[in-house]
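Chemist: Sequence:
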Amino acid sequence: MPKSLPYHDFLISHLKDPSYAAGYIEAILEEEDPEPELLKMALSNVAEALGEQNMTPEQAKVHLEKLDELLSQRGSEAIYNLGTWLNALGLKLTVTVVEKADNTNTNAAISSELTVK
Numbered sequence: 001m002p003k004s005l006p007y008h009d010f011l012i013s014h015l016k017d018p019s020y021a022a023g024y025i026e027a028i029l030e031e032e033d034p035e036p037e038l039l040k041m042a043l044s045n046v047a048e049a050l051g052e053q054n055m056t057p058e059q060a061k062v063h064l065e066k067l068d069e070l071l072s073q074r075g076s077e078a079i080y081n082l083g084t085w086l087n088a089l090g091l092k093l094t095v096t097v098v099e100k101a102d103n104t105n106t107n108a109a110i111s112s113e114l115t116v117k
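Residue numbers for the sequence shown follow the working numbering, so the first one is 1 and each next one is one higher.
The hints are simulated quantities; they were obtained by calculation from the structure and are not laboratory data. Each residue gets a CB set at the ideal place from its N, CA and C atoms; glycine is no exception. Misleading hints may appear alongside valid ones.
[Claimed, not checked] Derived DSBU-like pairs: lysine-lysine, alpha-carbon spacing no greater than 35 Å straight-line: (1) K40 with K100; (2) K16 with K40; (3) K40 with K61; (4) K66 with K16; (5) K61 with K16; (6) K40 with K92; (7) K100 with K16; (8) K3 with K40; (9) K92 with K61; (10) K61 with K3; (11) K92 with K66; (12) K3 with K16; (13) K92 with K16; (14) K66 with K40.
[Unchecked claim] Label-pair distances were calculated between CB atoms; the ranges are: (15) N54 with H8: 18 to 26 Å; (16) L64 with K92: 13 to 21 Å; (17) G23 with L67: 14 to 22 Å; (18) L67 with D17: 18 to 26 Å.
Start from the sequences and build out the full structure, keeping to the hints where you can.
Modeler: Structure representation (structure tokens):
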């Protein structure tokens, strides 16, 4: 019987791909009923995966420790700090325009972006 990877190890191995990590965070942010703890867990997973690629182990640990403080902030400061936090992992925070489909309730994002660095 083939051995399987524990889910966390499997997830972290996939999140080492920055495109996958960005899609993972985007999916969490697009939830209709947002759960703050789910966002925190997703960002922690991405930090674990990308931190070792972009930082020393010590820097990655400190970066992850900043997450609680960052998520407790309010207002525009929190948004800018999240953009900076993601940038250190090799990701960027963007805003896209949602185009509503004519005959359905499904929204499709088009490629207009605003980037926070």
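Chemist: Hints numbered earlier in the text: which of these fail when held up against the supplied structure?
Modeler: The structure breaks none of the hints.
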